[in-house]
Every structure is written in structure tokens, then in C-alpha cells.
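Colleague: Kindly produce the complete structure, drawing on both the sequences and the hints.
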Amino acid sequence: MASLWTRILRRLRRETSLRLPSRHHNIFALDARDFRSGLGDTAWVLHGLVRHYKPEVCVEIGSALGKSAVYMGAALKANGKGKLYAIDPHAQTQWNDADAGESSLDILRANLKRFGVADYVDVMRDFSDKVGASWDKPIDVLFIDGGHAYEEVKRDWDLFAPHVRQTGIVLVHDAMWDYLRESPHYREDMGVPRFLDGLRREGYPVITLPNDFGLSLVQTTRQGFPLLKENGRA
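Heads up: the sequence shown is residues 0 to 233, going by numbering that gives the first Met the number 0.
Don't take every hint at face value.
Here are the simulated EDC-like pairs of lysine to aspartate or glutamate, each with C-alpha atoms no more than 20 Å apart in a straight line [said to hold, decoys possible]:
#: 1; residue 1: Lys-153; residue 2: Asp-118
#: 2; residue 1: Lys-136; residue 2: Asp-121
#: 3; residue 1: Lys-80; residue 2: Asp-121
#: 4; residue 1: Lys-82; residue 2: Asp-125
#: 5; residue 1: Lys-82; residue 2: Asp-135
#: 6; residue 1: Lys-136; residue 2: Glu-55
#: 7; residue 1: Lys-136; residue 2: Glu-150
#: 8; residue 1: Lys-153; residue 2: Asp-125
#: 9; residue 1: Lys-153; residue 2: Glu-187
Simulated restraints on C-beta separations [stated by the list, open to error]:
#: 10; residue 1: Asp-121; residue 2: Glu-181; range: 38 to 44 Å
#: 11; residue 1: Asp-105; residue 2: Thr-207; range: 29 to 35 Å
#: 12; residue 1: Asp-118; residue 2: Pro-209; range: 30 to 36 Å
In case anyone wonders, no lab produced these hints; they're calculated from the structure.
A virtual CB, placed ideally from N, CA and C, is assigned to each residue, including glycine.
Modeller: Shown next as C-alpha cells:
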């Protein structure tokens with residue numbers, strides 16, 4: 000006869016399998032897909048933040064083959080609400096792979112469909128400066144991973160960061176590039192670290208995770224979101 004603990008474990012497994020919402024089914028398959036992305040396991044940070052924030056509006060600049068879009072889209076699906084606006088021209092630029100460009104759009108859409116998150120991702124095939132010029136939606140989570148020259152990342156910040164809610168978050172990839180000078184992939188024209196260090200010096204809270212070329216989390220309020228309400232002091 001099975002022990003009490005064995006019976007309890009069996010029942011827990013049975014009830015868990017019955018109660019697991021269908022919207023979670025593909026999450027454990029995400030790591031099995033090769034997105035040819037430098038984002039690595041940092042994609043799970045994006046996923047976790049979207050799960051935490053329960054955002055209405057997410058924006059990503061730079062989609063490529065869809066790793067970040069799929070991970071954030073899966074989080075939105077698990078939340079049961081929200082939309083990710085995935086901005087990318089899907090054209091050959093100095094910052095994408097030689098085999099990217101036109102084909103990346105089809106691969107992106109296929110990946111979104113494969114993981115069942117297409118309904119949560121609005122694919123916007125255009126350059127970020129054109130989209131940003133007319134953007135009017137409040138943003139909860141903004142992920143910047145498009146053009147990496149200083150002028151490009153600064154322009155993306157200037158166009159989209161003003162729309163981020165006071166309690167929202169901006170994430171910027173490739174923050175630690177300046178520490179990779181010995182790498183054969185190092186480029187002198189990578190301006191992301193210099194731009195982020197400028198924000199830090201201006202008083203914007205910047206926390207940087209070092210792996211996968213670095214991911215910086217930035218608040219858009221200088222000195223950070225106030226933790227005490229205006230009249231909340233004792």
C-alpha cells in the first residue's frame with residue numbers, strides 16, 4: 000500500500016496537471032529554440048519583469064528573429080493581458096547579422112506563431128525613429144536593442160522614454176560592451192555603454208546585469224521613483 004506521502008504527491012501532481020492553464024504550456028520549450036540571439040538567458044529577465052509588471056503596453060526596439068518578443072509575449076499570455084509592440088525594419092543594417100534583413104520578418108512571425116503568442120505581439124516593420132515620431136501610448140516596459148551607435152540609442156531613448164510611466168522600466172541590452180575589448184566581436188562604434196553611463200551621471204538609476212553582454216535596467220525619473228508620497232513623511 001502506498002504511503003501517505005506517496006498518495007499526497009500523486010494527488011498534487013494530478014491536480015497540478017489539471018489546473019495548469021493552457022497559456023503556460025509552451026514556456027518550458029522556449030530554451031529549446033535557437034533564435035541566433037546574443038540575448039542568451041537574459042531573455043528570462045525580460046520574461047520575469049513582464050510577468051511582474053502585468054503591463055498593458057510593452058515596446059521593444061529591435062526584434063530580429065524574435066527571441067525577446069517570444070519571451071515577453073509568453074509572459075503577456077501568462078498574464079492574460081497586454082500587448083508588445085515589436086519595432087524593427089527587418090532590413091539589412093550595420094547592426095544585424097549578414098543573413099538577417101528581409102528573411103527575419105518571416106522567421107519572427109513563424110516563431111511568434113510557433114509559441115502561440117502572436118495575438119500578444121504587434122509586429123511593426125519600420126525604423127524606430129519613424130514610429131517614435133508619432134508614438135502616443137503610455138509605456139510600462141521599454142526594451143531598447145536596436146541601433147547600437149551612440150546617436151541611435153540616444154534617439155530611441157529621447158523618443159520613447161518620455162512615454163514610460165513613472166513606475167515603468169527601460170531595459171537596454173549590450174550595456175557591458177566596453178568590457179569586451181579583447182573579443183574578436185568588439186566594435187569601437189558601439190555607443191550603448193557611453194550613453195548609459197551618461198544617464199547614470201545625470202542621476203538616472205541604472206542597474207546593470209553583467210551576463211550576455213549586459214542588460215541595464217533604468218528608471219526614467221532622476222534619482223529614482225520616490226518611495227515616500229509627498230505628505231507621507233512621519
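Colleague: Take the hints in turn and mark each one as holding or not.
Modeller: The hints, checked one at a time:
Straight-line distance between C-alpha atoms of Lys-153 and Asp-118 comes to about 30 Å, which puts the hinted pair past the 20 Å bound. Between Lys-136 and Asp-121 the CA atoms are separated by roughly 14 Å; this keeps the pair inside 20 Å, and the hint holds. At roughly 13 Å between alpha-carbon atoms, Lys-80 and Asp-121 fall within 20 Å of each other, so this suggested pair holds. With a CA separation close to 18 Å, the supplied pair Lys-82 and Asp-125 stays within the 20 Å bound.
Distance restraint check for Lys-82 and Asp-135: the Cα-Cα separation of roughly 15 Å lies within the 20 Å cut-off, and the hinted pair is therefore satisfied. As the CA atoms of Lys-136 and Glu-55 are separated by approximately 10 Å, the hinted pair is consistent with the 20 Å bound. For the suggested pair Lys-136 and Glu-150, the alpha carbons sit about 24 Å apart, so the restraint of at most 20 Å is broken. Restraint check: the Cα-Cα separation between Lys-153 and Asp-125 comes to about 18 Å, which is no more than 20 Å; the hinted pair holds.
Restraint check for Lys-153 and Glu-187: satisfied, since their Cα atoms lie roughly 17 Å apart, inside the 20 Å limit. Against the hinted window of 38 to 44 Å, the Cβ-Cβ separation of Asp-121 and Glu-181 comes to about 40 Å, which satisfies the hint. At about 34 Å, the CB distance of Asp-105 to Thr-207 agrees with the hint of 29 to 35 Å. At about 34 Å, the beta-carbon gap between Asp-118 and Pro-209 stays in the expected band of 30 to 36 Å.
Going through the hint list in order, the structure does not satisfy hints 1, 7.
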